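Spelled out, the chains give:
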Amino acid sequence: MDGVPLTWFLMLSAVLFGLGVAGFVFRRNIITVFMSIELMLNAVNLSFIAFACRLGQVDGQIFAFFVMVVAAAEAAVGLAIILTVFRNRATLQIDELDSLKN
Amino acid sequence: MQHLWLIPLFPLAGFLVNGLMGRRASKAFVNAVAIGTVLLSFLWTLKTLAALAPLETPHLERYFAWIQVGDLRIGYDLALDRLSAVMLLVVTGVGLLIHIYAIGYMGHEGGYYRFFAYMNLFMFFMLTLVLAANFLLLFVGWEGVGLSSYLLIGFYFLRHSATTAGNKAFIVNRIGDFGFSLGILLILVNFGTLEFAEVFSKVAAMPIEVSAGVLTTIALLLLVGATGKSAQIPLYVWLPDAMEGPTPVSALIHAATMVTAGVYMVARSSVLYLHAPLALDCVAWIGVLTAFFAATIGLTQYDIKKVFAYSTISQIGYMFLALGARAFGAGIFHLWSHAFFKALLFLGAGSVIHAVGQQDLRYMGGLRRHAPVTFWTLLCAAAAIAGVPFTSGFFSKDEILLAAHHYSPWMYWVGVVTAAMTAFYVFRAIFLAFFGEFRGEGHPHESPPVMTLPLIALGVLSLVGGFFNVARWLEPEPTLAHHDTALVVVSVAAGLAGIALAGVFYVLRPGLADVVAERLGFLYRLVYNKYFVDEVYQALVVKPLVGGSRDVLWQGMDVEVIDGAVNGVGLRARGLGRVLRLLQSGYIRSYATWVLLGALGALLAMSWAGGGR
Amino acid sequence: MNPYLLMVVKAALVTGALLFTLLYIQWVERKIIAHIQCRLGPYRVGPHGLLQPVADTLKLLFKEDLLPGHVNRFLFLLAPVLAVSLALISISVIPFGPEIEVAGVRTWVQLADLNVGVLFVLAISSLTVYGVVLAGWASNSKYPLLGALRSAAQMVGYELPLGMAVAAPLLVSGSLSLREIVLSQQHYYGGFFPAWNLFRLPAPQVFGFLVFLVAAFAETNRLPFDLPEAENELVAGFHTEYSSLKFASFFMAEYANMITVCSMATVLFLGGWLPLFPAQYGSNYAPALALAAAGALWLYHGLPSAFRRDRWSLPAAGVAALVAAGLFLIPAVQAIFTPLFWFLAKTGLLLFTFIWVRGTLPRLRYDQLMRFTWTFLFPLGVANLMVTGLLVALRA
Amino acid sequence: MAAAIFLIFAFLAVVCGLNVVLRRHPVSSALWLIGVMVSLAVLYALLGAHFLAAAQVIVYAGAIMVLFVIVIMLVNAGAEQRSTASRMAQHAGLPLLAALLGALGYVMWRAAPAGKVAGAAAVGKGTAQDIGRALFTTYLLPFELASILVLIAVVGAVVLAYKEMD
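Protein chains in written order, with the working numbering: chain X, 1 to 102; chain G, 1 to 613; chain C, 1 to 396; chain V, 1 to 166.
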């Protein structure tokens, strides 16, 4: 858009991505962790769309579209997994789900 | 575009349908698919030939690049010329008749669908072999027919002898194929292409001093493959054992089509061989020796299928003799007539076996009355193979012997003696089976029409097949100008003498044969035991090979070195894993941190490499 | 004229009209339900209970605003705000009429025309579920939670057929802008039969309309799909813990949603502000005629009425209607208000259907509700969409 | 005007994003995340991607986040407890995150030194027609694959969650 440098969008995208990473690394609730992933995806989408706008192409938007589709599929399956985990282990603490070690 | 690809495709479709769904399908369905696809192939062959007649120049069809590496392009290309047209007619026509015959012969066997699926698979590979426009595709067909041959020899896989015979055929063929593939590689290295037309034009353009060594090596290596596939000395030992397979298989694969693939291949490479005279001399030697020795063994065998198997080896020896004598057309001519009468001999033998449930000639006899159709058709075939005038075998054998005489007179005389022996052992089998009193048990009976009709068709073809002179068709300008009547008379007389001798030994004076055998003593035992070739091979090749494999390769190489190395690597990996396992904390957040580290690394690597600009 | 000022004026007008409608649609509903059930309905406050909504509003305003101690305070307060604001936003893209000229200013009777207006409405309507869900969850109490869960599943479940039903007329009209969609329905078959998307070739959207209407019932939590607030099993569903103004907000949101979906149905299927028949057959005089008829009826019934109060209130209304009818004969007024009349008539008819259904049909069981959408409504919507797409593609 | 809108909604997005990470209760995080998504939708619209702006709200806020909220309610997730099981994340997380942000900033600073304005040429690229045309021509195969992916996800989710109905 006129007057808004591309870099601003990319900065915002980077900041949101960083927030997502922080959530992923530092949060203990598995659902919140999952939401942090969505936050990262959103941040990346913003980059895609900003580049698409900058280059005057529609391709970046298509990528963002596919990211959304994949995110929807991922959310459906991921949440089903979380529900199953919760049924079996009665916890959402990510650090307690550590039976896949050693 | 004549859509040549359809010809091999039909049997392949039949193989897939029967192989995948045949188990649950009815016999009628399996029959319809198996016969129908071969019939379609046959009809399409006829249509194609009619469209392309008179086929004076080869017809090439390119479909797609199979292998494309640098300049090398090996395509899935099919070609049709007169040589492959003859082969096509033999394969699809005789194949069709044998398929029909098999309905009756295999009617009560288990694995019915499996049998026909394999037969169709064989047809696919054989047609690929015949139609291939380059050496590699030919090799595909070559190996494929070997595979189907192995599968069909071991069809009665519950019989130990059948699986052993299958293995033997496969392994012996492998030796030949090794040479063959080396030959193909040498062609590729020297000419940079595998396409027949290009290779042969480059061969023809090669100066003689360059070509002699290379071409002779190539031709000899190809010949190794041919001897393996076509059961010639020294690799013929698998064919008699291959009679363990069902009789239609023996007729189709081990008499009419597959075993003649070597002849076809040498004829196909005739240009190459003509530029390697030494190799061609080898072909002639191998041919004449095989023809003679196999015929002598055939004299003494009592298993009807073994008799015909040695006869096949001997007859293919004739074909090789023709090829070696530079009479390629004559060789293919004999291939053509041989396909009819030898398929008929096997099918007739199958009918006899079907009638008495027995393969041993000593327990047959007098079947003339019980199985008249079988008798008369077999008689046609026997007449043809014995070279009785104006049957198909007469014309083709005549061509060969003439060429042999032109090439080297002593080979002609060996050929004549072999012809006499051929007539003798074939009629010996006929007389033992059909004359005299029935010596076996049970009630012999004629086969059903579905079996006798193909016999009749092949009988007619055996009698009249020679009037279509394949040799002239393939080589319009005959290499031999003169036609020596005296030589023809001699060979015919030899054949008739063989028949007469057989008649004396087994019809007029039964018992004389045993007396003669006793007189000959050692010689008879030597021939009866097939010159102990199997035993010699066992002692000289198999034993050392197996022993060496066990002690050196298995215990020494495999267990000590390879296993040691593999296990050592495994142990190291486990040791390393014990350390790296500490990373596997089970905490997702730790993993996330590692991912973060990786992402950072990737980012830095990218910006260091100049990305982001 | 300053475009921002114009926008403000338009926004004020639309908001005012909307709030007024919200206030009085409850009165209308109560009256209609009452008459369906052979009652009189509100009658005490004002003539024919006309001041009842005002009284109700005052009552709710002055009731004690309870904030239960066990709730999540932030979300508890956020939920009604979310519900009502989302319900009101969608109205901004609905086109009520064509471009008009008032005192030299040309403008569209629409607050904003987005080129993805339909998607905007869908997006907003997909968010309305949060109001309910958050309310139920923040209440921290079992009935609201159950109501909220039911509501979430129901709204997600019925949003799909709704989306399918919305997509089909888009294909027929070939645009995502609500204004363009209305304009595309402008012609008449044979000179008199309206080419509304409901009837439009090549793919008449009869099934699409039905699917839309049924899904709309569920989306707005109306009977027969008002499971989230089924009073005989869940007390009052998600808003059990709410009182006074916050309760009123949910109430308002529900009616605002109803108005939105009815407007959407009008725009998507019934030709928006376009008249039922073309102007040469006198469609411009239809409003005057209708008002005059209503006025005459009220005068006829009011003058000899049995109730003392009616003897002046009904005739007064009748006279007012007749005056309005007269106003509609003035060309300037006619030009501005006739499209509006048609729009309101169609939307009103649909709203009446909503109320009528509420007065007629019983509530479904929850499993019936879910099975209905997943096994019938959604497949029907998909089939309708595919057939429509096929027909449109064939014509193109 | 555009810059003002950008600044407002970028600020909103960052504030919401911070809250997503900092709030201790999953429901709060989810709601703040919706805030991020809606702000981003506005930014998409600002960039001319109207269709994606709508899709962002419909798909992310209207579908995915509803799922999240419902699941949070179903499992009745409370505020999370602190735990320090992952020493790796505890110690290396923050420095690495800072390094990542620094690297990103560095790359961006190198790539776009100053003043490059997001192109005005883009306006009008991003309507439903443009997206649809690209989706059904150039990206037809990925589109179909995505539909299969979604189908698989539906089946997978049903299979995973089915036990509940026993």
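Simulated from the structure, these hints should not be mistaken for lab results.
Any given hint could be a false lead.
Coverage of chain V stretches by chain X, computed from C-beta distances (three or more under 8 Å per stretch; other residues unrestricted) [stated by the list, open to error]:
no., segment
1, 15-29
2, 48-62
3, 68-76
Quick list of the computed label-pair ranges, beta carbon to beta carbon [unchecked claim]:
no., chain 1, residue 1, chain 2, residue 2, range
4, C, V382, V, G78, 36 to 42 Å
5, V, L7, X, L55, 52 to 58 Å
6, V, G132, X, L55, 15 to 21 Å
Owing to the predicted nature of the structure, the values given are computational and were not obtained by experimental measurement.
Glycine included, C-beta positions come from ideal geometry on N, C-alpha and C.
Results for each hint:
no., hint, verdict
1, 15-29, "holds (count 6)"
2, 48-62, "holds (count 8)"
3, 68-76, "holds (count 5)"
4, C/V382 with V/G78: 36 to 42 Å, "holds (40 Å)"
5, V/L7 with X/L55: 52 to 58 Å, "violated (23 Å)"
6, V/G132 with X/L55: 15 to 21 Å, "holds (20 Å)"
Hint violations for this structure: number 5 only, all remaining hints satisfied.
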